[in-house]
Amino acid sequence: MFQIKRICCIGAGYVGGPTCSVIAAMCPEVTVTVVDVNESRIKAWNSDTLPIYEPGLKDVVESCRGRNLFFSTDIDSAIREADLVFISVNTPTKTYGMGKGRAADLKFIEACARRIVEVSDGYKIVTEKSTVPVRAAESIRRIFDANTKPSLELQVLSNPEFLAEGTAVRDLKEPDRVLIGGDESPEGQKAIRALCAVYEHWVPKERIITTNTWSSELSKLAANAFLAQRISSINSISALCEATGADVEEVAKAIGMDQRIGSKFLKASVGFGGSCFQKDVLNLVYLCEALNLPEVASYWQQVIDMNEYQRRRFACRIIDCLFNTVTGKKIALLGFSFKKDTGDTRESSSIYISKYLMDEGAKLFIYDPKVLKEQIVHDLSQSSISDDPERVSELVTVTSDPYEACQSAHALVICTEWDMFKELDYEKIYKKMLKPAFIFDGRRVLDHLHAPLQNIGFQIETIGKKVTAARIPYTPSAVGPRAPAVEPPSKKTKA
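In terms of the numbering used here, the sequence shown opens at residue 1 and continues consecutively.
Keep in mind that the hints were calculated from the coordinates and are not lab data. Accuracy of the hints is not assured; some may be wrong.
[Stated by the list, open to error] 25 Å max Cα-Cα, derived DSS-like pairs, lysine-lysine:
| hint | residue 1 | residue 2 |
| --- | --- | --- |
| 1 | Lys253 | Lys267 |
| 2 | Lys205 | Lys5 |
| 3 | Lys329 | Lys431 |
| 4 | Lys329 | Lys373 |
| 5 | Lys422 | Lys370 |
| 6 | Lys370 | Lys43 |
| 7 | Lys370 | Lys435 |
| 8 | Lys173 | Lys340 |
[Unchecked claim] Okay, the calculated beta carbon distance ranges per label pair:
| hint | residue 1 | residue 2 | range |
| --- | --- | --- | --- |
| 9 | Gln302 | Met1 | 40 to 48 Å |
| 10 | Tyr403 | Ala197 | 52 to 60 Å |
| 11 | Tyr403 | Pro436 | 18 to 26 Å |
| 12 | Ala197 | Val37 | 25 to 33 Å |
| 13 | Ser77 | Leu291 | 34 to 42 Å |
| 14 | Val119 | Arg65 | 44 to 52 Å |
Backbone N, C-alpha and C define an ideal beta-carbon position, used for all residues, glycine too.
Given these sequences and hints, build the entire structure.
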């Protein structure tokens, strides 16, 4: 059996960095080199301050960096020396041309394939790690076949990641499953067995699933679509709970105890974010449309539409409770990453809540324990969020202290479920806020504190529940928020 002794990973981001760090830690006899064109990112991986935050990752990196784990910008040398090459580059949603807003942009995947075939010799296994559309491996294989040379033999595998940010290291060390897809030919099966042997260093054989390439690629998209669907489903019920007086947490517990349903991903919130869910569902929608399956495409599009609706509904609720206007009002926004225990802001609901409030002229004071000021300003200055970067600088202030963010604020809005937000001194915060002082809990992190917070004097609004005692009543409209069902609120023009 072919034995993998050297691994090259192209792409030092949220997938490539943690994945290969854990492989290096679990396979001390395998040399792993992570390469990237971004020199500053590679420098960060070689420093004491890693470019991404992930619990436990720093310890893993430091345990094997310089021994059998290396980070480099010398891409060609790493490819030439490797027995296996992971492709872990970004596959963003296209922002132009055919498939704009839905299809995956595979330009980085194609560039990797062309570079690999150009500099390689001998036998190599090339493995997709990035989330890709079904049949992307076939496209890579066609590039290889069209540029083949007598001294080169390349096999293409699909090995999608199933990581959750915030628990990536645990997910890698104790995976539910490892999925490897490849050709059903003898050569393809040989490559699959070689990669299986790497994972078998620490993953039980029964958790390693082998399929054909297309099944592997589709399984990744389907897995994320199903998880996103569950979040949108419980969020749809949260709107009903607010209108009827039910509590979505109680409903989620009741239905989650049904073993056929289960309790995971039934946490109502201000909406899902991250690099994968929206991108993968939109990719699935585009795939269905391309294959002439409009009913299937429409079904999955509703998952995205419900997520957007939940964000707009929450923003409209803030505006309604603040006496139908937030123009010129200071609002403290706590949390900007898309979930706790990560500094990743991609598709974070905080971005869209901020957009809707900025569109109404609110002055936002934003605090997040892990997201840098530059990243927040960059995200809010994107053309899809604001067409006037100067307006962002006028309306947004990024603080390094949650108490400073709440000073003289009309409202406090929790957008990320950081544990530290449960432990803030809310009596101190209340004294510094304007009255009536509102808390809008978009993550249900303060459920256990409702009574003491009301005793302090806060007016509390939360997702999926009416908090009725000692508060200014909020009565949702029978027809939903004023914002339209699909389009975001229109931006106010400057006077």
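Now the hints, each set against the structure:
1. Lys253 <-> Lys267: Answer holds: Lys253 to Lys267 is near 10 Å, not above 25 Å.
2. Lys205 <-> Lys5: holds (20 Å)
3. Lys329 <-> Lys431: holds (17 Å)
4. Lys329 <-> Lys373: At roughly 21 Å apart (the allowed maximum being 25 Å), Lys373 and Lys329 satisfy the hint.
5. Lys422 <-> Lys370: holds (17 Å)
6. Lys370 <-> Lys43: With Cα atoms ~19 Å apart, Lys370 and Lys43 stay inside 25 Å; holds.
7. Lys370 <-> Lys435: The hint is violated at about 30 Å.
8. Lys173 <-> Lys340: The given pair, whose Cα atoms are some 20 Å apart, holds under the 25 Å limit.
9. Gln302 <-> Met1: 40 to 48 Å: holds (47 Å)
10. Tyr403 <-> Ala197: 52 to 60 Å: holds (53 Å)
11. Tyr403 <-> Pro436: 18 to 26 Å: With Cβ atoms ~19 Å apart, the hint holds.
12. Ala197 <-> Val37: 25 to 33 Å: holds (30 Å)
13. Ser77 <-> Leu291: 34 to 42 Å: Once the Cβ atoms are compared, 41 Å apart, the range 34 to 42 Å for Leu291 and Ser77 holds.
14. Val119 <-> Arg65: 44 to 52 Å: violated (25 Å)
Going through the hint list in order, the structure does not satisfy hints 7, 14.
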